[in-house]
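Colleague: Sequence:
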Amino acid sequence: MCTVALAYGLSRPGVVWGKPILLLVLGTFLFTPGIIPTYLVVQEFGMLDSYASLVLPVLLNVFNVIVVRAFFQGIPTELYEAARLDGAGELTILCRVVLPLSKAVIAVVGLFYGVSYWNSFFNALLFLNDSGKYPLQVVLRSYVVQGESINARALGVSTLPPSISLQMAVLILALIPILCVYPFLQKYFAKGVLTGAVKG
Numbered sequence: 001m002c003t004v005a006l007a008y009g010l011s012r013p014g015v016v017w018g019k020p021i022l023l024l025v026l027g028t029f030l031f032t033p034g035i036i037p038t039y040l041v042v043q044e045f046g047m048l049d050s051y052a053s054l055v056l057p058v059l060l061n062v063f064n065v066i067v068v069r070a071f072f073q074g075i076p077t078e079l080y081e082a083a084r085l086d087g088a089g090e091l092t093i094l095c096r097v098v099l100p101l102s103k104a105v106i107a108v109v110g111l112f113y114g115v116s117y118w119n120s121f122f123n124a125l126l127f128l129n130d131s132g133k134y135p136l137q138v139v140l141r142s143y144v145v146q147g148e149s150i151n152a153r154a155l156g157v158s159t160l161p162p163s164i165s166l167q168m169a170v171l172i173l174a175l176i177p178i179l180c181v182y183p184f185l186q187k188y189f190a191k192g193v194l195t196g197a198v199k200g
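Residues in the sequence shown are numbered consecutively from 1, following full-length UniProt numbering.
Treat the hints with care, as some may be off.
What the hints assert, rightly or not - Here are the simulated lysine to aspartate or glutamate pairs, EDC-like style, with alpha carbons at most 20 Å apart:
# : residue 1 : residue 2
1 : K133      : D49
2 : K19       : E90
3 : K103      : D86
Simulated from the structure, these hints should not be mistaken for lab results.
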């Protein structure tokens, strides 16, 4: 929702300070923050060892904002004007006119965010101290890179399968959610990805 709200505001031509805000947003795309300043900011806000530290620092993706903004700019101006003539405000126009027309781009951006959050493990390694809060990707990394083994008693078996079998099983488990979601979003994917790529 943050991406849609920001992209909608930046797509409207009469927004006060629209261009400077767009330049600031694009500046974050060019100059990424360092690890230490990000860690210090998360620590100052008291978000260390919480799930908020995994979500809030990467709440907006500039690429996704640009894609959604380009889509919103492609919606005919007549639709906005007709809604205003009917007495609709900006929030009503966004919710009742723009969002129903934007299913494709929202589905694609949602998939991008979902895959990005699902595959992210570095922020969890950086901000989480409690191993019980680690997401699946961190556990997967520990099995694949460090070759950690699972306690046989925790599994309820007397012998463990070979290490490579365990690694492949965890890999398959990590793929299942994305494989389950993608077929439902596939029809929107080609249309949403090509949004704003061609003029005319």
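Colleague: Each hint needs a verdict: does it hold in this structure or not?
Modeller: For each hint, the structure was consulted:
no. : hint         : in the structure
1   : K133 <-> D49 : holds, 8 Å
2   : K19 <-> E90  : holds, 19 Å
3   : K103 <-> D86 : violated, 23 Å
Of the numbered hints stated above, the single one contradicted by the structure is hint 3.
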